[in-house]
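Number of protein chains: 4
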Amino acid sequence: MKTSSIREAYNSVRKYSELICAPLETEDYVPQPVPFVSPPKWHLAHSTWFFETFILKNFLPNYQVYDPDFNYLFNSYYNNVGERTLRTDRGNVTRPTTKAVYAYRQHVDRCMDELLEKLDDPQALTLVELGLHHEQQHQELLVTDIKYILGHNPLFPVYKSGHNLVDSTNTESGFLKIQEGVYDVGFASDGFCFDNELGAHKVYLHEFEISKALVTNEEYLEFMEAGGYQDFNLWLDEGWSWVNEHAVNSPMYWHKINGVWHYYTLDGLQKVNPNAMLSHISFFEASAFAQWKQMRLPTEFEWEIAAVNLDWGKRWEWTNSAYLPYPGFTKAPGAVGEYNGKFMINQMILRGASVGTSPGHSRKTYRNFFHARERWQFTGIRLAK
Amino acid sequence: MKTSSIREAYNSVRKYSELICAPLETEDYVPQPVPFVSPPKWHLAHSTWFFETFILKNFLPNYQVYDPDFNYLFNSYYNNVGERTLRTDRGNVTRPTTKAVYAYRQHVDRCMDELLEKLDDPQALTLVELGLHHEQQHQELLVTDIKYILGHNPLFPVYKSGHNLVDSTNTESGFLKIQEGVYDVGFASDGFCFDNELGAHKVYLHEFEISKALVTNEEYLEFMEAGGYQDFNLWLDEGWSWVNEHAVNSPMYWHKINGVWHYYTLDGLQKVNPNAMLSHISFFEASAFAQWKQMRLPTEFEWEIAAVNLDWGKRWEWTNSAYLPYPGFTKAPGAVGEYNGKFMINQMILRGASVGTSPGHSRKTYRNFFHARERWQFTGIRLAK
Amino acid sequence: MKTSSIREAYNSVRKYSELICAPLETEDYVPQPVPFVSPPKWHLAHSTWFFETFILKNFLPNYQVYDPDFNYLFNSYYNNVGERTLRTDRGNVTRPTTKAVYAYRQHVDRCMDELLEKLDDPQALTLVELGLHHEQQHQELLVTDIKYILGHNPLFPVYKSGHNLVDSTNTESGFLKIQEGVYDVGFASDGFCFDNELGAHKVYLHEFEISKALVTNEEYLEFMEAGGYQDFNLWLDEGWSWVNEHAVNSPMYWHKINGVWHYYTLDGLQKVNPNAMLSHISFFEASAFAQWKQMRLPTEFEWEIAAVNLDWGKRWEWTNSAYLPYPGFTKAPGAVGEYNGKFMINQMILRGASVGTSPGHSRKTYRNFFHARERWQFTGIRLAK
Amino acid sequence: MKTSSIREAYNSVRKYSELICAPLETEDYVPQPVPFVSPPKWHLAHSTWFFETFILKNFLPNYQVYDPDFNYLFNSYYNNVGERTLRTDRGNVTRPTTKAVYAYRQHVDRCMDELLEKLDDPQALTLVELGLHHEQQHQELLVTDIKYILGHNPLFPVYKSGHNLVDSTNTESGFLKIQEGVYDVGFASDGFCFDNELGAHKVYLHEFEISKALVTNEEYLEFMEAGGYQDFNLWLDEGWSWVNEHAVNSPMYWHKINGVWHYYTLDGLQKVNPNAMLSHISFFEASAFAQWKQMRLPTEFEWEIAAVNLDWGKRWEWTNSAYLPYPGFTKAPGAVGEYNGKFMINQMILRGASVGTSPGHSRKTYRNFFHARERWQFTGIRLAK
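Chains as they are written, first to last, in the UniProt record's numbering: chain U, 1 to 385; chain L, 1 to 385; chain R, 1 to 385; chain S, 1 to 385.
Excised from the complex, chain U in its bound form:
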């Protein structure tokens, strides 16, 4: 990336995070209701900390650390960068205040602007680019974490009118057939990608068909009404335990009120739209639904090969592939190497992008990953057979 364009990109990405938070009340920035949901205040500070720690401290001459305590408070999981607060304790840290976090952002942005004005060190530019993609990842988490915080408030407050992100509908139908053969997968273009997409390689695919449409709420309601949540034969063993331990009987955010299914959206509580794409389901639910349909989920490589002919991008689509390294994958040394590789166990791949994904942050080789039980992201189902 060129210096001029990266400076623009920097400003645009950084502003977008604050735009997402604009409708919040100060109180909304604070809590961490479950360990996997971070306080919005923390996201804003942590993405800033990334630029300060990996770029300003190393590349801006005479840079003075803004506040030494922030390294302790806003490190996420980088063991190489010193002690960090317990991930489960973030919601109890009321100071620095939200206002102080915004001041921290401004300070770092000013210094970054000074640095970017004349930056041509390729290593630094690469890190800035990584920092921006990192912040975009946190932007999607900001959206889904805000939804979690507001959506679990018994008052179901509106985030911002007109922000209903669930009403996407399919534009196509039927199945796409892909021929058997050897295919190339993985990232092999110019431009940015994460390290887990590298190692472009060949895979052998057997003939398969993949749906052009995502599963709708209406289809999923049929599954529910057919007793899908009660029939253990449809479920993976761990999925069946999950259903029973948590008494799951619908997607996340769904509530049956006077016999009618509603769901919480960023526009508040609404009646479930039968034509909209299903969202907020776990891999376990995706797998059980596919079993009920006597189909299956695609693998990540089937998805990647088919993607060029699919309309994708409203939901993260669960695949039946585990998150594992590509041939030749190696971790970068030091803290940046902790980015992806160490999570390659017990998580499933999602492909595509969602209504919560930041502009410019999607590509068909992108490998998103979550645990099979998680469903606070905008997750959906595309069937294969």
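Hints in this document: simulated from the structure, not taken from any laboratory. Please note that a few of the clues may not be correct.
[Said to hold, decoys possible] Straight-line distance between alpha carbons at most 27 angstroms, and here's what the computed BS3-like set of lysine-lysine pairs gives:
hint	chain 1	residue 1	chain 2	residue 2
1	S	202	U	212
2	S	364	S	212
3	U	364	S	212
4	U	293	U	271
5	R	202	R	385
6	R	99	S	99
7	U	177	S	202
8	R	160	R	15
9	L	385	L	293
10	L	202	L	212
11	S	293	U	385
12	L	160	L	212
13	S	177	U	202
14	U	385	S	202
15	U	99	L	99
16	U	202	S	364
17	U	385	U	177
18	L	331	R	177
19	U	331	S	271
20	S	160	S	293
21	S	160	S	271
22	R	177	R	293
23	U	212	S	331
24	S	212	U	202
25	U	160	U	256
26	U	202	U	364
27	L	212	R	331
28	U	160	U	293
29	L	212	R	385
30	S	57	U	177
31	U	331	S	293
32	R	160	R	118
33	R	15	L	202
34	R	57	R	177
35	R	202	L	385
[As the list claims (entries may be wrong)] So the derived list for chain L, only partly shown, Cβ under 8 angstroms to chain U, looks like this:
hint	residue
36	27
37	28
38	91
39	94
40	95
Note that this is a predicted model, so its numbers are computed, not measured. All C-beta atoms in this analysis are idealised placements derived from N, C-alpha and C, irrespective of residue type, glycine included.
Dock chains L, R and S against the given chain U, drawing on the hints supplied.
Relative to chain U, chains L, R and S alone:
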């Protein structure tokens, strides 16, 4: 209480709660770091809800409930008043905002003022008085919960300069001897008391001696340095488990920094003052310390009989009495009856009052109670033999 | 006790433990289904270890320890006697086998017989007496633990025909009235008692009435049918949590089969006998039942004073007294001092004796104690008012 | 399989289970020290229940169920065959006794012999074959569960002299290179295989090298001494949590005694043999070790293609493949379909066979699978690069 004085009392008590919260940032009102610590926002709303639910709804003609959701959100443990949010979830409820809670207080205060102007229904007056004492109890919790929230922040923020509540020192020394005999205990005066103090009755006390001074930090440091936390012979069995599970090796809020013991105070982190009264210890620690001194804790009745000749009131003093009903104790019917009686199991009595107790909220028959492991209150030790 | 009678007592008590185990299969000696139930094999070994550790090692010249590993395996909670296996792990220790444990008993019995032949050291005699009472305590635990193991087997196996210990019925009815005044309580006779009974002292009792009969199954069924388990107003707060967490809706061992209440007895599964004394209820249930009857449980001192005029001894009777030290209580130094004092927190006193109590092991000053939730002992209810 | 040979196979497999248990004491048959280890008694009964439930009940005319309770007690995880005891409760079920379980085996064996004498129904024959392979799987579990039970006894009892299963050494060294290309994998021969091996298909492999030898104890000790368990950069994130939560610092069964590493073997406690193949390590440890060696674990398909030129069979070898379905995998309807498919989430594939694998129960397409943290099987490491 007379109408005029209760109106004054109402205003004064209600203002005191807001005074306690004045130094807080908005963020500080939100979290519930552990189940027993409630968000300041919640305390302010809950004590208001008490007046609305038990008084305005019943005694102010045509009173309209301010917000029906508030009953759900701000009920604490009154099963008789409908469903309540899980006690462990209070820290995730960001709406209503702090500002909205203050508006709720103003609304209820205006309506109470209207009601109190001419109130002479004795049942209502009794309930108002109960509501004020209830709010005073929450005021002490506000102080200790704020201390917990700020004191567990890695930055150790100052609550308010000049509010160091730990530096109290003893004014007397030596032991007071009380003769064997039959004594009267329990509340038998005019004025207000809680139902658990009623049932004034006789007890037989054997001769005993009770210390005129509370244990100081210096004395407790001797216990620590003598290996008190490592010697199982000093501890109750459950206390020994507690020490080991939580790796306890000092009172709450103590931190050893470069070999010197500090503690968090509402004035920030300070060196431990050896002459100050010890604070923030559990019953388990109080009991082990007494065992080490080859003495014991007094019973609640020994304390009550001795109190008239003691200087008490800077620390809640652990007694060796369990929280159990007095002869003839009966629960009031309905929600108000849930106030005390249902907690009469597995808790220990504390007598006295502390630097966090609201003005006018202490008397020698007052029975405070907490679980043996709890120590976020201003708890101290008075020895007997 | 004289040497001749203690030798007889020793033989008789030791044989009684083996008599209790006679109907068991080898497999029944092994498991520990919950932490508070110990394997029968462990009880047999632990009570033997007590004699070896505290008596043979100290008083039999040239005594060689039978197996050094046994100290590690069969110590219960004596921190002073070295490391012990985790209390929760006892059920996994398959070796030494049951047969080897019986061999260990024989060895220790032979050595004890040799010692007792001419023992006149008063300290040793005191310890032997303590050891026998200790073994008798484990005999009652043997009975209740065996009942737990067999009673939680889906096949409900019979322990021994004719051993139904639940069918006791009342011989008296009505209430006994006791006058207000100062009374003497605690152990003040000759003979054996535990240290927690010492410190005979005076108490002041207000007038009260106490039932001559224990609560029957029929009376308890009325409580159940009146919705006692569903009415939170009857329960202590911790009791209500216990009921809901464990979905409790009847005493332990009760099963509703085709609409008829049955219970597991040592004779196998039987229909509930309405006239028999209620058994296997927690303090929480006892307290809720008393509340429903608009009465209360007696205190331990009320019980002790009334006992001389009561027919007691089929059920351990929950009192409303917490397990706390008597005036002047002190712990013996060393391991024997760990016997009682360290448990004086968060437990409730039971008075009387039960059908599972060994012959000669009851007196009216005996202070039994268990946690409020426990109910695998033969516990019952006597009301007071 | 022909009738004559299946009858022989039946007798031989069934006897082998009893041979494994021959050295046990009755007590050893009972406990379930952790949920994943079942009581030997349970294995003997469950594998018998399989034949009774799926074969005798369906194919032997007029067969009377031996004991209806056994269906309840000895079902493992087949939801289709009715209620089952909680997997975590098996160790508390002392009845039926071990003797009664052997009687049950004899009864079923007699009936199976009668049936097999003239059985020619192909569906039944297939089920018998499945039952035998099922019993062989339980035979390996019997060996590893017995090792767990005895190996966690503080006395480290010997299972059977001469049964040290850990001393296997490598016969080859160096690396085998495999060329890039399309390969056939999965089961495509005659004879028995499990459903998860079916769906023979093509995969594309890139060039790789695979070690001819398994990692030895000596090599692993180097990793330990180099601080492998302390360097978070080597570990998967979940692996690092696992190491810290359980304070793991060596393979399972290793004990440092007076500075010398020992391990528990079926021959009792022995010094670690440096030349023997490493055993009893989790996937997390295998992955960290490979990272330390700057190599990796092979995928299951790399392993399968290389296997024809490898000496394998002393350890189950962790691969870096997740347990997922092959193309075209479908679950059989009903209970038999619960055999494999429902476990295809969050488990890793192991290939090969071990010293605990029953004779005749291994093939190069066999897909064994366990959770990444488990290590009570005879697991080892083969490196790739």
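Do the hints match the structure? See the list:
1. S/202 <-> U/212: Distance of about 26 angstroms is within 27 angstroms: holds.
2. S/364 <-> S/212: Distance of about 15 angstroms is within 27 angstroms: holds.
3. U/364 <-> S/212: 38 angstroms, violated
4. U/293 <-> U/271: 25 angstroms, holds
5. R/202 <-> R/385: 22 angstroms, holds
6. R/99 <-> S/99: 17 angstroms, holds
7. U/177 <-> S/202: Holds, at roughly 19 angstroms.
8. R/160 <-> R/15: Satisfied, since the Cα-Cα distance of roughly 18 angstroms is no more than 27 angstroms.
9. L/385 <-> L/293: With Cα atoms ~10 angstroms apart, residue 385 of chain L and residue 293 of chain L stay inside 27 angstroms; holds.
10. L/202 <-> L/212: Distance ~24 angstroms between residue 202 of chain L and residue 212 of chain L Cα, so the pair holds.
11. S/293 <-> U/385: Measuring from Cα to Cα gives roughly 41 angstroms; hence the hint is violated.
12. L/160 <-> L/212: Measuring from Cα to Cα gives roughly 31 angstroms; hence the hint is violated.
13. S/177 <-> U/202: At roughly 19 angstroms apart (the allowed maximum being 27 angstroms), residue 202 of chain U and residue 177 of chain S satisfy the hint.
14. U/385 <-> S/202: Measuring from Cα to Cα gives roughly 18 angstroms; hence the hint holds.
15. U/99 <-> L/99: The hint holds at about 17 angstroms.
16. U/202 <-> S/364: 24 angstroms, holds
17. U/385 <-> U/177: 10 angstroms, holds
18. L/331 <-> R/177: 24 angstroms, holds
19. U/331 <-> S/271: 37 angstroms, violated
20. S/160 <-> S/293: 37 angstroms, violated
21. S/160 <-> S/271: With a Cα-Cα distance of about 18 angstroms, the restraint between residue 160 of chain S and residue 271 of chain S holds, given a limit of 27 angstroms.
22. R/177 <-> R/293: Holds, because 18 angstroms separates the two Cα atoms, which is no more than 27 angstroms.
23. U/212 <-> S/331: 26 angstroms, holds
24. S/212 <-> U/202: 26 angstroms, holds
25. U/160 <-> U/256: 23 angstroms, holds
26. U/202 <-> U/364: 16 angstroms, holds
27. L/212 <-> R/331: 26 angstroms, holds
28. U/160 <-> U/293: 37 angstroms, violated
29. L/212 <-> R/385: Not satisfied, since the Cα-Cα distance of roughly 39 angstroms exceeds 27 angstroms.
30. S/57 <-> U/177: 45 angstroms, violated
31. U/331 <-> S/293: The given pair, whose Cα atoms are some 14 angstroms apart, holds under the 27 angstroms limit.
32. R/160 <-> R/118: This hinted pair is violated, its Cα atoms lying about 39 angstroms apart.
33. R/15 <-> L/202: Not OK: residue 15 of chain R and residue 202 of chain L at ~49 angstroms, beyond 27 angstroms, violated.
34. R/57 <-> R/177: 52 angstroms, violated
35. R/202 <-> L/385: Given pair residue 202 of chain R, residue 385 of chain L holds - Cα atoms ~18 angstroms apart, limit 27 angstroms.
36. 27: 4 angstroms, holds
37. 28: Since the shortest Cβ distance to chain U is 5 angstroms, the answer is holds.
38. 91: 6 angstroms, holds
39. 94: Since chain U brings a Cβ to about 4 angstroms from residue 94 of chain L, closer than 8 angstroms, the hint holds.
40. 95: Check passed: Cβ of residue 95 of chain L comes within 5 angstroms of chain U, closer than 8 angstroms.
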